[in-house]
Amino acid sequence: MPAIRLDPSFLLAFKGLSKSRREWVAARLRLFQIDPSDKALRFRALRCAPGHFLIDSVRYDRIILRRETDDLYAVVDCGGHDIIDAWEARAGDER
Amino acid sequence: MIEPVILEVMHRLNEPVPALVQGLGSASLVRSARTRPGRTETSSRWVDHWTKRAQDQVDALVRAYAAGPIEADHLAQLDRLIALLDAGTDETSKTYRRYEKLTKGFLKQLRASAPADAAAFAAQRDRIFGDWARAALVRSELILALRALRARYRPDAGTGDIFDNPDDLTAYLRGVAA
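In order, the protein sequences belong to chains A and B. Per UniProt numbering, residue 1 is the first one in the first sequence, and the count goes up by one each step. Per UniProt numbering, residue 1 is the first one in the second sequence, and the count goes up by one each step.
Pulled out of the complex, with its shape left as it was, chain A reads as follows:
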């Protein structure tokens, strides 16, 4: 079970979210801590950001993490956009 550090940059973004979006982000982080390999997290390396990973989501906020050590991840940002869903659906046919 990895340790999670909540960096100030994340808390700033997190505080800017609505209550329901905060709850969703909190639930994702909880799931990540319990089982980082859970497929529902869509956990993957972030493009062009060495050492960084994404808890990905089509419809909700995406969470950026940085791996500090094998056992410690820093959560550094979160956010989303309501168009991503539509783009994923369109691009899905192509990929």
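What the hints contain is simulated information worked out from the structure, not anything from laboratory work. For clarity, every value in this text was computed on a predicted model and none was experimentally measured. Idealized CB from N, CA, C, for every residue including glycine. Keep in mind that the hints are not guaranteed to be accurate.
Incomplete in silico selection of chain B near chain A, CB under 10 Å [stated by the list, open to error]:
1. V62
2. A136
3. V138
4. A148
5. L149
Using the hints, position chain B against chain A.
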């Protein structure tokens, strides 16, 4: 040198992807859908090329920050870049939805007046919107990479509380007020 790379990233990520769909809904595209189906290959190649260039430039920016030296203004520039690109996403999102609606209406008319052309146009439309969406998704992920870069260089980076127990983590996040 950080500034020139920031400018390159700004120009690349704000390139008018809608140029891909210019003319969607026009008679000329209907003709070309029928006579030159290769047009969509061009848009697909454009996205592949754009993706590679955009990634290379963001990689270069990450390297430029790593090489330093980083001055306060470089962080402000990165903040402005991210804000500008986020505004671009809002704009692109509106344009995308508007074009979807326009071309849907046009397709409906075409189905009534020229069913043979409608099939070719529909296929062309799907491909072009698919390419547009693909580029837009890459762009949105590159903005996340820039946000990760920005977070790394904040003076308070690395100072957060550490949680090694999901219940403590959940309780803490629940207590964070808006």
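Q) Against the structure shown, which of the earlier numbered hints fail to hold, in ascending order? A) none
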